[in-house]
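Protein chains: 2
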Amino acid sequence: MAETLTDYRLAREIDLKAFVAAALLEVGVAKPDAEIVAEVLVAADLRGIESHGVARLESYYVGRIKNGLLEPTPRVTTVIETPTSLVVDGGNGLGHPTAKRTMEAIMAKAKTSGAAFGGVRNSNHYGIAGYYAMLALDHGLIGVASTNSVRYGAPTYGRDMLLGTNPLAFAVPAKNEPAFVLDFATTTVPRGKLDVYGRKEKNLNPGWAIDEHGVETIDPNVALKGALLPLGGLGIDSGGHKGFGLGLLVDIFCGVLTGGKFGSDLPLLSDGPKPGGISHWFAAFRIDGFRDLERFKADMDTELRAFKDSAKAPGHDRIYVAGEIEHEKTEFNRKNGVPIHVKVWDGLEKMAGTLGIPFAIERT
Amino acid sequence: MAETLTDYRLAREIDLKAFVAAALLEVGVAKPDAEIVAEVLVAADLRGIESHGVARLESYYVGRIKNGLLEPTPRVTTVIETPTSLVVDGGNGLGHPTAKRTMEAIMAKAKTSGAAFGGVRNSNHYGIAGYYAMLALDHGLIGVASTNSVRYGAPTYGRDMLLGTNPLAFAVPAKNEPAFVLDFATTTVPRGKLDVYGRKEKNLNPGWAIDEHGVETIDPNVALKGALLPLGGLGIDSGGHKGFGLGLLVDIFCGVLTGGKFGSDLPLLSDGPKPGGISHWFAAFRIDGFRDLERFKADMDTELRAFKDSAKAPGHDRIYVAGEIEHEKTEFNRKNGVPIHVKVWDGLEKMAGTLGIPFAIERT
Numbered sequence: 001m002a003e004t005l006t007d008y009r010l011a012r013e014i015d016l017k018a019f020v021a022a023a024l025l026e027v028g029v030a031k032p033d034a035e036i037v038a039e040v041l042v043a044a045d046l047r048g049i050e051s052h053g054v055a056r057l058e059s060y061y062v063g064r065i066k067n068g069l070l071e072p073t074p075r076v077t078t079v080i081e082t083p084t085s086l087v088v089d090g091g092n093g094l095g096h097p098t099a100k101r102t103m104e105a106i107m108a109k110a111k112t113s114g115a116a117f118g119g120v121r122n123s124n125h126y127g128i129a130g131y132y133a134m135l136a137l138d139h140g141l142i143g144v145a146s147t148n149s150v151r152y153g154a155p156t157y158g159r160d161m162l163l164g165t166n167p168l169a170f171a172v173p174a175k176n177e178p179a180f181v182l183d184f185a186t187t188t189v190p191r192g193k194l195d196v197y198g199r200k201e202k203n204l205n206p207g208w209a210i211d212e213h214g215v216e217t218i219d220p221n222v223a224l225k226g227a228l229l230p231l232g233g234l235g236i237d238s239g240g241h242k243g244f245g246l247g248l249l250v251d252i253f254c255g256v257l258t259g260g261k262f263g264s265d266l267p268l269l270s271d272g273p274k275p276g277g278i279s280h281w282f283a284a285f286r287i288d289g290f291r292d293l294e295r296f297k298a299d300m301d302t303e304l305r306a307f308k309d310s311a312k313a314p315g316h317d318r319i320y321v322a323g324e325i326e327h328e329k330t331e332f333n334r335k336n337g338v339p340i341h342v343k344v345w346d347g348l349e350k351m352a353g354t355l356g357i358p359f360a361i362e363r364t
Numbered sequence: 001m002a003e004t005l006t007d008y009r010l011a012r013e014i015d016l017k018a019f020v021a022a023a024l025l026e027v028g029v030a031k032p033d034a035e036i037v038a039e040v041l042v043a044a045d046l047r048g049i050e051s052h053g054v055a056r057l058e059s060y061y062v063g064r065i066k067n068g069l070l071e072p073t074p075r076v077t078t079v080i081e082t083p084t085s086l087v088v089d090g091g092n093g094l095g096h097p098t099a100k101r102t103m104e105a106i107m108a109k110a111k112t113s114g115a116a117f118g119g120v121r122n123s124n125h126y127g128i129a130g131y132y133a134m135l136a137l138d139h140g141l142i143g144v145a146s147t148n149s150v151r152y153g154a155p156t157y158g159r160d161m162l163l164g165t166n167p168l169a170f171a172v173p174a175k176n177e178p179a180f181v182l183d184f185a186t187t188t189v190p191r192g193k194l195d196v197y198g199r200k201e202k203n204l205n206p207g208w209a210i211d212e213h214g215v216e217t218i219d220p221n222v223a224l225k226g227a228l229l230p231l232g233g234l235g236i237d238s239g240g241h242k243g244f245g246l247g248l249l250v251d252i253f254c255g256v257l258t259g260g261k262f263g264s265d266l267p268l269l270s271d272g273p274k275p276g277g278i279s280h281w282f283a284a285f286r287i288d289g290f291r292d293l294e295r296f297k298a299d300m301d302t303e304l305r306a307f308k309d310s311a312k313a314p315g316h317d318r319i320y321v322a323g324e325i326e327h328e329k330t331e332f333n334r335k336n337g338v339p340i341h342v343k344v345w346d347g348l349e350k351m352a353g354t355l356g357i358p359f360a361i362e363r364t
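Sequence order for the protein chains is C and Y.
Residue numbers for the first sequence, in our numbering: 1 to 364.
Residue numbers for the second sequence, in our numbering: 1 to 364.
These are computed hints drawn from the structure, not numbers from a lab.
Any given hint might turn out to be false.
[Said to hold, decoys possible] Okay, derived cross-link-like pairs now, SDA-like style, lysine to any residue, Cα gap no bigger than 20 Å in a straight line:
hint	chain 1	residue 1	chain 2	residue 2
1	Y	Lys312	C	Asp265
2	Y	Lys274	Y	Asn67
3	Y	Lys274	Y	Pro83
4	C	Lys111	Y	Pro83
5	C	Lys312	Y	Val215
6	Y	Lys308	C	Asp265
7	Y	Lys343	Y	Tyr60
8	C	Lys308	Y	Leu268
9	C	Lys111	Y	Lys111
10	C	Lys335	C	Asp15
11	C	Lys312	Y	Pro83
12	C	Lys312	Y	Lys111
13	C	Lys225	Y	Ala311
14	C	Lys343	C	Arg199
15	C	Lys100	C	Asn67
16	Y	Lys225	C	Pro314
17	C	Lys225	C	His213
Same shape as in the complex, but just chain C (with noise of 0.2 Å):
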């Protein structure tokens, strides 16, 4: 990247979740749903998933309320429940508050029964997977979390956009390493990764994307205008029909499995956003269940640190397991402020004109 610190300012956390929040109020959003938002969404930028953070505020969230196609205060109602499962409508709301508190539902099943699935269907946006299987953590629980999204990504052998992204993330905790925190999409590379390639003049690598006719290519222009691959690339030798089917699998979790939308009725870029058009699914099970939790936890350190201690390979000197660069990321951001590209600062403070909102983001 040729970007620098200087293109970044340095904002106090608490000061950035209140704009968030503030934000989210004025167009209609309820406090505790707002304030949730803002969590979520201060938690990415926290983790140094800027491209998940509050970058995405206007465009994904107060901007759909404005244009009506995301309801401020939305009906969300219970689909089915069971002692081990719960299923969610989420009313074409926010993502992130309903997620959240189906994921905590489901966390307080999984506490009692031991495990526990659900979802949540007629769902918008829920930032990153991360921060809901993460919510597991200090509970002795291993947490799962997944969603469908916007259609980027072409099967393996084919040239349709059928997938999104469609992450998946899993969190397990240890004791005095930071949590074992996966959190990845199962396509290669994010869509945003083009629109950088693009805007540097830079070749992609091969295995991210092909053109529009389903032949692979380096170029980004081309590749806007094509698909992006699964992760492991194009065909089968190097695995792409693994990461096909891990976003396929996700499609079914999040989409099928809830009663929401899936395959070729999910978004795509090109249409806007469709109202309701993602689906979110959740699982948590009990750590002792199946051991000791501070034994477990205790042996988690061991697995953790036998891989960071491990040989390295020439021109590095280390090695990091899932979820630890996000961790000192975000010990360093809650010290010395959350990094907002100027860009993405000033985008803030004209929305906040435009709201009649004030700005009082303090710089750190």
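Given chain C, put chain Y in place with the hints provided.
Frame of chain C, contents of chain Y only:
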């Protein structure tokens, strides 16, 4: 592959199973256990996954029992049991019988409670993970199975072999379409692929393996002294860290969670098998905890067809969803006979002589 059908003989399924069971009986395995191993190994050959079929009967199972590395009549014990969990100690026995019985017990718990998880520690190689996930298909359940394995793979930015091929398998039923069965190693390729390319003096693809210093190599003979790369390949640009994360997740679920061996305590190929070094992990949950089973299955047909009927990339006339090729091979091989490579066939015949049992496999 340069191999042709003339390199294969077609065996009667019933004979092949009877032979596998007879060989195991001869080295002291109880009949019900031997029959389960036979079923799982032949299921792999039927599905076209030769590497996990009867080809391994001598080296992985019969030979290890004869060498005292694997208990023919293990003391299998319950470590922990709750209404939604079960952990079993496999007593260093054959993986297949204990894995099958444990998955069946977990499925029974899931039927009663809605969801259940569990595992087996102190076990050995159990064949294809997909077999155990697929047990769920006729019970209105979604099945998940996994196992850790001998170490072949390096973490992202590392060079030590710390990860097995650590497969993950998911089975989801459909109505008229074949079930969705995703069963994949979390390394880019299995180690056997390096052997095959070495014999054929073919270059590997980039992203498959590194040399002993941690540098990517396309020389199969160099790679055989190095390590496999995780799904996604070298480094993080094409998602190698995602495959690494999945492989580590499998080791956590199988090894750490069950109280079994994990990380650097897992066997290395060069050490030879480590008794009881392998652990398995399973999950099952009720589809009707989410929605009506029959409507779900009908929607699964729609979902799978959407992918299969979508536009094809140049040079391809079919898009296969996970499990479809294996389903078609099983149907074909059930009718026409199970293809067994002549070298494997001859090996079985030789083993029959050594064990002093009849070799009565009819060719179809």
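Original post:
Do the alpha carbons of Lys111 of chain C and Lys111 of chain Y lie within 20 Å of each other, as the hint requires?
Top reply: Holds. Lys111 of chain C to Lys111 of chain Y sits at ~19 Å (cutoff 20 Å).
Original post:
When you check the alpha-carbon spacing of Lys225 of chain C and Ala311 of chain Y, does it fall within 20 Å?
Top reply: 15 Å, holds
Subject >> Straight-line alpha-carbon gap Lys312 of chain C to Val215 of chain Y, limit 20 Å >> reply: Roughly 10 Å separates the two Cα atoms, so the pair holds.
**OP:** Verify the proposed pairing of Lys100 of chain C with Asn67 of chain C, using a straight-line Cα cut of 20 Å.
**Re:** 25 Å, violated
Original post:
Does the alpha-carbon distance linking Lys335 of chain C and Asp15 of chain C stay inside the 20 Å limit?
Top reply: 14 Å, holds
Original post:
Keeping to a limit of 20 Å between CA atoms, is the pair of Lys225 of chain C and His213 of chain C held or broken?
Top reply: Holds - the C-alpha atoms of His213 of chain C and Lys225 of chain C are around 10 Å apart, at most 20 Å.
Original post:
Taking only the CA atoms, is the gap from Lys274 of chain Y to Pro83 of chain Y under or equal to 20 Å?
Top reply: 32 Å, violated
Original post:
Do the alpha carbons of Lys308 of chain Y and Asp265 of chain C lie within 20 Å of each other, as the hint requires?
Top reply: 15 Å, holds
Original post:
Has the given pair, Lys111 of chain C with Pro83 of chain Y, been kept, meaning a C-alpha gap of at most 20 Å?
Top reply: 12 Å, holds
Subject >> Pair hint Lys312 of chain Y and Asp265 of chain C, alpha-carbon separation not exceeding 20 Å >> reply: 19 Å, holds
**OP:** Take a quick look at whether Lys225 of chain Y and Pro314 of chain C sit within 20 Å of each other, Cα to Cα.
**Re:** 17 Å, holds
Original post:
When you check the alpha-carbon spacing of Lys274 of chain Y and Asn67 of chain Y, does it fall within 20 Å?
Top reply: This hinted pair holds, its Cα atoms lying about 12 Å apart.
Comparing the model with each numbered hint stated earlier shows that hints 3, 11, 12 and 15 do not hold.
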